[in-house]
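2 protein chains.
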Amino acid sequence: MSDVPLAIGIDFGGTSVKTGVLYRGNLIEEAPRIDTQEFEEARPLIERIHETVRDLRSRHPRIEAIGVGMPGFVDFPTGMVHNLTNVKGWQRIYLKRELNELANLPVTVENDANCMAYAEWKRGSGRGMSHLVALTLGTGVGGGIVIDNRMVRGANFVAGELGQTSIDYQGPDGAYGNRGSLEDYVGNQQITDMAFKAYTDAGKSMERSDCEPAHLTALALKGDAIALEIWDRVARKLSTALMNCCWLLNPEAIIIGGGVAKAGSLLFDPLEKHLRSQLSPPFKENLRLLPARFGNEAGIVGAATLALEEAGFNVDD
Amino acid sequence: MSDVPLAIGIDFGGTSVKTGVLYRGNLIEEAPRIDTQEFEEARPLIERIHETVRDLRSRHPRIEAIGVGMPGFVDFPTGMVHNLTNVKGWQRIYLKRELNELANLPVTVENDANCMAYAEWKRGSGRGMSHLVALTLGTGVGGGIVIDNRMVRGANFVAGELGQTSIDYQGPDGAYGNRGSLEDYVGNQQITDMAFKAYTDAGKSMERSDCEPAHLTALALKGDAIALEIWDRVARKLSTALMNCCWLLNPEAIIIGGGVAKAGSLLFDPLEKHLRSQLSPPFKENLRLLPARFGNEAGIVGAATLALEEAGFNVDD
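First to last, the sequence lines map onto chains A and B.
One point on numbering: in our numbering, the residue at position 215 of the first sequence is 215, and numbering is uninterrupted.
Count along the second sequence from 1, add 317, and you get the number used in our numbering.
Any given hint could be a false lead.
Stated by the list, open to error - Listed next, the stretches of chain B that the computed footprint assigns to chain A, with coverage defined by at least 3 CB atoms under 8 Å from CB atoms of chain A:
{"no.": "1", "stretch": "356-370"}
{"no.": "2", "stretch": "379-391"}
{"no.": "3", "stretch": "466-472"}
{"no.": "4", "stretch": "590-602"}
{"no.": "5", "stretch": "617-624"}
Source of the hints: derived by calculation from the structure; they are not laboratory data.
In this text, a Cβ means the ideal position worked out from N, Cα and C, and glycines have one as well.
So here's chain A without its partners, still in its complex pose:
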């Protein structure tokens, strides 16, 4: 262990900041979470994060880099966070510079969905692949893209926003005026709404909370026809955005994680069917639809792995 570099991964969320130590792709220690909402400004929160970092380093002297995954757009080269919608005081914060000055270690800051994609590519279901699309299905839909063995960041480092792509040019306005955005069809709340309406229309009395994805999965596993139908409808909508990725990018795999993906084959089976029925042979022959390896720890693992690679270490071992 003495000559293998360790890294700290930080998963910065709207509710809490999770911090952990990564050794050869494994999370060997997780620090107590920091409540994001306790802070009114960015600087005190950054200082609080640094206290956690200092504490972890006191026990793991071989920590060589710090990676942070952020729930918003990041200017990758400078590590500047543009804006966080759910956390006070985070507008144009040069997080990379500030944390680097405090910790005196290389710091990398990246969008959280890109960190998840990075974790799956380097340490998870996409290991060894050159072209993949990764997405997380939860409250929102996040995405990350790898093409030709490189993370696709684009001209302003904001690429990969699969959740904002449209599946209906006449659909309702999305968060950015984008009509028919995927997120507005297959997000947690939207699935719950769709199911609640379906049960109500069928004359079945259900609490809205009993229509959440986890409950729908349980119902579908018992053979409930409406729950099965809802998962098929989610799969059909999702397949449209995914086939668009396939026609544009011809990936070898699509990797799906996040809470909604816990539906497992209830989601994956109809998704495979709808996706493959809408692609020509060279796009689907070698295409694999895979569940993500990592769950809640994807952000920490991805951020730490990316930070090590950016600091010049080989993470492909």
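Following the hints, complete the assembly by docking chain B onto the known chain A.
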């Protein structure tokens, strides 16, 4: 001129094969066209193409490479053409190998829309850019993508099929079962159909042929309200597929060519409006929507330029 390499570009179409000689990005000679439909099999057509190549080389001894753009999927490394739907006898034809054996020159074979994108990137509106999406609007919709200074080909070298991406998950089945494919909304025929219906619905007696894109442009320029409305509807549909590219890839430019693009500002103005109204700032701040530089010669220019680069010559001068 003596130490600058020349290349032959071949634009293989469903109707004719166009061949030309490229010198520093300029087409300096174009050979007589070959009628594609006169041939029942691939081999005699390849031999006929080689006669043209031999003739051009007799006058241009510095020709160093041959590039071919094909109207179908190509396995880029081997130069194998999977299948041409409109030309007899073209299934799994190893065009690169066959033409190389005849001509004894390096041969590169690529999809025609990728050749167009390559021409615009290296010699046209996208010169000097690192991330762009190029498309041709005509009978169909073709596309090519450049990310991080590389053509995106994907796992099976078939990426960039913008025309097959969906803008409506409930739309009609496309050529490959893909519901709501862009091509089925903004292809030449579809625009004509849409206009013919709009005029008929408005009680105006029009020949269908007077509703073709070129005529619609002429009508719109005279202020015809229906023609203007049709271009706006085309722009709105097209904007959906283009915004999807922006959210996924964050390009610095979208370059549009092909017959339908001749509508100019009648198409580009509403397209800019619809596209920008559906993107968040970091995706649109530096985004440029540009007309293609090349028209019919894009295929020849792109194929020849790509062939030179693949043969090891620097084409960025």
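Now for the hints, and whether the structure bears them out:
no., hint, in the structure
1, 356-370, "violated (count 0)"
2, 379-391, "violated (count 1)"
3, 466-472, "holds (count 5)"
4, 590-602, "holds (count 7)"
5, 617-624, "violated (count 0)"
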